[in-house]
Every structure is written in C-alpha cells, then in structure tokens.
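Protein chains in written order, with my numbering: chain A, 1 to 118; chain B, 1001 to 1113.
Keep in mind the hints are simulated off the structure, nothing from the lab. Incorrect hints may appear among the rest.
List of simulated lysine-lysine pairs, DSBU-like, C-alpha gap at most 30 angstroms [to be verified]:
no.	chain 1	residue 1	chain 2	residue 2
1	A	K19	B	K1068
2	B	K1100	B	K1052
3	A	K40	B	K1060
4	B	K1056	A	K41
5	B	K1060	A	K36
6	B	K1056	B	K1068
7	B	K1100	A	K41
8	A	K41	B	K1060
9	A	K41	A	K18
10	B	K1056	A	K22
11	B	K1077	A	K41
12	B	K1100	A	K36
13	B	K1100	B	K1060
14	B	K1100	A	K40
15	A	K22	B	K1100
16	B	K1100	B	K1056
17	B	K1077	A	K36
18	A	K40	B	K1068
19	B	K1052	A	K41
20	A	K36	A	K18
21	B	K1068	A	K41
22	B	K1077	B	K1100
23	B	K1056	A	K40
From a predicted model like this one, the values you see are computed outputs, not experimental measurements.
Single-letter residue listing:
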Amino acid sequence: ETGVTQTPRHLVMGMTNKKSLKCEQHLGHNAMYWYKQSAKKPLELMFVYSLEERVENNSVPSRFSPECPNSSHLFLHLHTLQPEDSALYLCASSQDSPGTEPNTGELFFGEGSRLTVL
Amino acid sequence: GNSVTQMEGPVTLSEEAFLTINCTYTATGYPSLFWYVQYPGEGLQLLLKATKADDKGSNKGFEATYRKETTSFHLEKGSVQVSDSAVYFCALNNAGNNRKLIWGLGTSLAVNP
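One chain only, chain A, in its complex shape (with noise of 0.2 angstroms):
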C-alpha cells in the first residue's frame, strides 16, 4: 500500500460508546496529523505528533485522545462523544523539520473517517 490510509471510512456510535480512528502512513513521514473537517468551517487542526512526539494539542476537548505508537501509525480514542462531534476525521502526514530549513507545506492526506454521533 501506499499513501495515506484511514480506518473505518465511516462510523456510526452513540454517545456512550468508544471507538477508535486509526491512520497509517507509507510515505516514511515523520509527522502525523488529525484534522476535523466540518461544513462551512475551516479545517480545524486537532493534534501533531512529531517523531512520536505530541507537538500540538489545539485545545481538544478530553474525549478526544490520540496516540502515536510509532512513526507510521496514528489513533484517535473516541469517548462519550457529542453529536457536533460529528465531521469527517483527516489524517495527515508530512516530513517535519522545525528550526531552519523552510518546510513545504504540503501535506498528505488520507481519505478521512466520516464520523456520525447518535
């Protein structure tokens, strides 16, 4: 496989459930991403690992928990959520390389987890 890939495509869970998102990346990245994409709102940056490292927490409600077991794989723990926490997940990946040398910005995208909070 190659790119970006995210699993489920889609989830359905009720309030009182838990679920993870799970995101793998085969570009040898060492930066990891999880955005929220809603309507009419701008992509909404969630958490940042960077080797491994957590480097962004964008004030993400508790219910939200991610984790980073290694460079190539991504989780997001789901609990108790809320029914505006419904949107579509996106994972992404990039090479990071913070100091000096400019990064290019580009990042790459998996399909993202389409998620509904009954």
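With chain A fixed as given, assemble chain B onto it according to the hints.
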C-alpha cells in the same frame, strides 16, 4: 494574525468554461501559499504552491500567481472539465513548519457537461 479568505461557492460552470477562484490573505512577512483540492470522497491533495512573490504555481492546467501587492493567490484554469468538480482550498504557511497551515473555507466547484 494570519488569515485566508476565499470566494464563497458553490461555483457552477459548463465544461470548457474559464475558472477563477479568488483567494486573498492576511499575513506578516512572506508566507508560502497553496491550493489544495478535495475530490468527492477523498482527502485533500496539494494542487500547486508558490513560495515567494511573483511565483506562479501550476499543475493539471491550473495556475495561481503569488501577488504580494494585492495579497492574492487566485486560482485559474482556462478550460474546466467535469473531472475538475471538487472542493478547492487556499492555504498559507507563515511559520516555517507544516504545523501552522492556515486554511480557507473551501470553494465547491461543479462542472456540468
């Protein structure tokens, strides 16, 4: 702060029509500018980019020129196809790393045969 403003959609065109999607930005310094495209049922993918003033990014017949004097990065294509139907996102990066991309709201394009 940094921001990106895109024209609201949806944009509906007939095949072979000329396309312009406007994008303006607010940023200090010299950001890099990007257009991403999201085809139905897919994630976003980079369409083109420009990293300094007067640069022109191009790909798949699409072009955009980095205009610092008007703080714009409008996307253009001379003759659209049905397969260009997608959502187009303008973005900027002013932080020197990929963590701080600033996104526009996206513009939906529908091309009819």
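Hints and how they fare:
1. A:K19 <-> B:K1068: 46 angstroms, violated
2. B:K1100 <-> B:K1052: Roughly 18 angstroms separates the two Cα atoms, so the pair holds.
3. A:K40 <-> B:K1060: 27 angstroms, holds
4. B:K1056 <-> A:K41: Distance of about 28 angstroms is within 30 angstroms: holds.
5. B:K1060 <-> A:K36: OK: B:K1060 and A:K36 at ~27 angstroms, within 30 angstroms.
6. B:K1056 <-> B:K1068: 12 angstroms, holds
7. B:K1100 <-> A:K41: Holds - the C-alpha atoms of A:K41 and B:K1100 are around 17 angstroms apart, at most 30 angstroms.
8. A:K41 <-> B:K1060: 27 angstroms, holds
9. A:K41 <-> A:K18: 26 angstroms, holds
10. B:K1056 <-> A:K22: 37 angstroms, violated
11. B:K1077 <-> A:K41: At roughly 25 angstroms apart (the allowed maximum being 30 angstroms), A:K41 and B:K1077 satisfy the hint.
12. B:K1100 <-> A:K36: Holds, because 15 angstroms separates the two Cα atoms, which is no more than 30 angstroms.
13. B:K1100 <-> B:K1060: 26 angstroms, holds
14. B:K1100 <-> A:K40: 20 angstroms, holds
15. A:K22 <-> B:K1100: 23 angstroms, holds
16. B:K1100 <-> B:K1056: With Cα atoms ~22 angstroms apart, B:K1100 and B:K1056 stay inside 30 angstroms; holds.
17. B:K1077 <-> A:K36: Holds, at roughly 29 angstroms.
18. A:K40 <-> B:K1068: 27 angstroms, holds
19. B:K1052 <-> A:K41: It holds: about 27 angstroms lies between the C-alpha atoms, which stays within 30 angstroms.
20. A:K36 <-> A:K18: 18 angstroms, holds
21. B:K1068 <-> A:K41: Holds, at roughly 26 angstroms.
22. B:K1077 <-> B:K1100: 28 angstroms, holds
23. B:K1056 <-> A:K40: Holds - the C-alpha atoms of A:K40 and B:K1056 are around 29 angstroms apart, at most 30 angstroms.
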